[in-house]
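Participant: If you're matching them up, the sequences are chains B and W in order.
Read in order, the letters of the first sequence correspond to residues 1 to 126 in the working numbering.
Read in order, the letters of the second sequence correspond to residues 127 to 252 in the working numbering.
You may find that some hints are simply not true.
The calculated SDA-like cross-link candidates involving lysine to any residue, where the alpha carbons are at most 25 Å apart (straight line), are [said to hold, decoys possible]:
id, chain 1, residue 1, chain 2, residue 2
1, W, Lys158, B, Glu39
2, B, Lys61, W, Thr171
3, B, Lys53, W, Ser153
4, W, Lys158, B, Gly105
5, B, Lys61, W, Ser153
6, B, Lys61, W, Asp251
7, B, Lys32, W, Gly231
8, W, Lys187, B, Asp125
9, W, Lys158, B, Val88
10, W, Lys158, B, Ser20
11, B, Lys32, W, Arg198
12, W, Lys187, B, Arg123
13, W, Lys158, B, Phe40
14, W, Lys158, W, Met188
15, B, Lys53, W, Ala156
16, W, Lys187, W, Thr217
17, B, Lys53, B, Ser20
18, W, Lys187, W, Ser153
19, W, Lys158, B, Arg87
20, B, Lys61, W, Ser246
Don't read these hints as lab results, they were simulated from the structure.
Protein chains: 2
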Amino acid sequence: MGTKQFKGSPMEADLARADSLAREIFSDVANKWAFLIIEFLGDRTLRFSELRKEVEGISHKMLTQNLRMLERNGLVERNVHPTVPPRVEYTLTEAGQALRMTVDGMCGWTRRYLGHIEDSRRRFDA
Amino acid sequence: MGTKQFKGSPMEADLARADSLAREIFSDVANKWAFLIIEFLGDRTLRFSELRKEVEGISHKMLTQNLRMLERNGLVERNVHPTVPPRVEYTLTEAGQALRMTVDGMCGWTRRYLGHIEDSRRRFDA
DNA sequence: CGGTATCCCTGCAGATACTG
DNA sequence: CAGTATCTGCAGGGATACCG
Numbered sequence: 001m002g003t004k005q006f007k008g009s010p011m012e013a014d015l016a017r018a019d020s021l022a023r024e025i026f027s028d029v030a031n032k033w034a035f036l037i038i039e040f041l042g043d044r045t046l047r048f049s050e051l052r053k054e055v056e057g058i059s060h061k062m063l064t065q066n067l068r069m070l071e072r073n074g075l076v077e078r079n080v081h082p083t084v085p086p087r088v089e090y091t092l093t094e095a096g097q098a099l100r101m102t103v104d105g106m107c108g109w110t111r112r113y114l115g116h117i118e119d120s121r122r123r124f125d126a
Numbered sequence: 127m128g129t130k131q132f133k134g135s136p137m138e139a140d141l142a143r144a145d146s147l148a149r150e151i152f153s154d155v156a157n158k159w160a161f162l163i164i165e166f167l168g169d170r171t172l173r174f175s176e177l178r179k180e181v182e183g184i185s186h187k188m189l190t191q192n193l194r195m196l197e198r199n200g201l202v203e204r205n206v207h208p209t210v211p212p213r214v215e216y217t218l219t220e221a222g223q224a225l226r227m228t229v230d231g232m233c234g235w236t237r238r239y240l241g242h243i244e245d246s247r248r249r250f251d252a
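All chains, please: the whole structure from these sequences, using the hints.
Facilitator: Right under this line is the structure:
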């Protein structure tokens, strides 16, 4: 993500580390399920089963996997109520909310360019 | 995304169509390679081989596939110079530039929260 | 040089079943 | 209800080779 200007400097090793880490985070988070979860979660608190309904088409497994990943990266907070049956609630952390801003931006972008995109596709497919 | 408030209205069918299309676009574009291509392309014009060098780790196949997808959705413009050997250049369209803004946002987000994320991971992995 | 086609294999993701 | 584990398939994606 643009650290080329430091090539050869003493900081290079550190920056390379940061860069590869950034790359890794990017790979983790820049996937459609993660984005959809972040978007649907918004500023609400939702249970696992609620989230599963909101994010249509996501499987039980994908939802848990992505929630674990997001939790590990500190984007969602997981709250377990020790009741029976268990009640597990998820909310976005501050970092999660911050990322949500950019995901929102992408949603807005999709709405704004929907027409352009449809047209472009028709032209391309011909 | 988020048209639930119109449920039952006459517009519902259209919105459902728009929504599922938006979903599809989201799935296309919200993947790490697309993001990295958009980010590295920036406001430059790059050849296929240059792009391949910049986006480290991307295979020939993934690069072509993603470039086709981005072209189809009207995010990149492809310019073929009929010389020999061929020279093919890629640039972001206006829609592509607009999306780049949000991708930039995500890059900024990554830099800002890198520390938080590392910490969170260490805690989680323990 | 850039694109397409083919082969092949890993690993993702769905389905199912079981626990606390 | 939420999570984990196991099995299985099928497709995503790498490697390779060949065209324009």
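Participant: Which hint numbers does the structure go against, in order from smallest to largest?
Facilitator: Numbers 2, 9, 17 and 19 - these are the hints that the structure violates, sorted from lowest upward.
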